[in-house]
Amino acid sequence: MAQGKKNAWRLRAHLVFLDESGFMLIPPLQRTWAPRGQTPVLRHRYRRDKLSVISALTMSPTRQRLGLYYQTFADNVTQLNMAAFLRNLLRHLRQHVILVWDQAAQHKGDPIAAVCRDHPRLHLEYLPAYAPELNPDEFVWRQAKQQLTNNCPDHLDTLFDHVITVLGMIAHEPDRLRACFQHADLPFDLN
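Every number in this note's numbering is 233 more than the matching position in the sequence shown, counting from 1.
Note that these hints are calculated values from the structure, not bench results. Not one of these hints is a red herring.
The calculated lysine to any residue pairs, modelled on SDA-like cross-linking and capped at a C-alpha distance of 20 Å, are:
1. Lys283 to Gln312
2. Lys341 to Asp308
3. Lys283 to Ser254
4. Lys378 to Arg409
5. Lys341 to Leu323
6. Lys378 to Gln304
Across the chosen pairs, the derived CB separations fall in these ranges:
7. Arg354 to Leu419: 17 to 25 Å
8. Thr272 to Arg245: 54 to 62 Å
9. Tyr363 to Thr295: 30 to 38 Å
10. Arg320 to Ala364: 21 to 29 Å
11. Leu367 to Arg324: 23 to 31 Å
12. Arg269 to Phe393: 33 to 41 Å
13. Asp308 to Arg411: 27 to 35 Å
14. Ala347 to Phe306: 18 to 26 Å
15. Arg409 to Ala346: 31 to 39 Å
16. Thr272 to Gln297: 43 to 51 Å
17. Thr391 to Thr272: 18 to 26 Å
18. Glu366 to Gly255: 13 to 21 Å
Note that the coordinates shown come from a computational prediction; the quantities given were computed from them, not determined experimentally. Beta carbons are placed, not taken as given, at the ideal position from N, Cα and C, and that holds for glycine.
Turn these sequences into a full structure, and let the hints guide you.
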């Protein structure tokens, strides 16, 4: 009985899947339709500038409401960026939080340990190595990158605008968020 009371918070915890991704000025390509003999040509500068984004796909404990939180960075995501993102996320999610993520280097270290010490309601769980199919947040990236295919921004500011627009669209469409959970190889169903 004592063990049941001790872990009762799990029934009232937000479930959060977190991941990060990068978007480059070099456009992702996808096959498209065109009139015969008129192959579409995408002209772009070969610049490897990129934008990094952290996102967290959340599920509330009682009503299973889904949410998407994200933040952009001009460089690679570091442990300090990740710790700041987690602190901000915990301001929005008031109850216990079970955070599920992969075992990337930026998910470990002193800054992350400090967040866990400061917020004992944050509980970390790690996915097995090489199992992106278990993280629904991976499907957020798949949707976002599909929306950005064949798009040739000239500057990082334009890429930033496109990425924010697409992520905002995904965040405000519950069916898209639900599809992320449905495509993940997880043992529960959202109906």
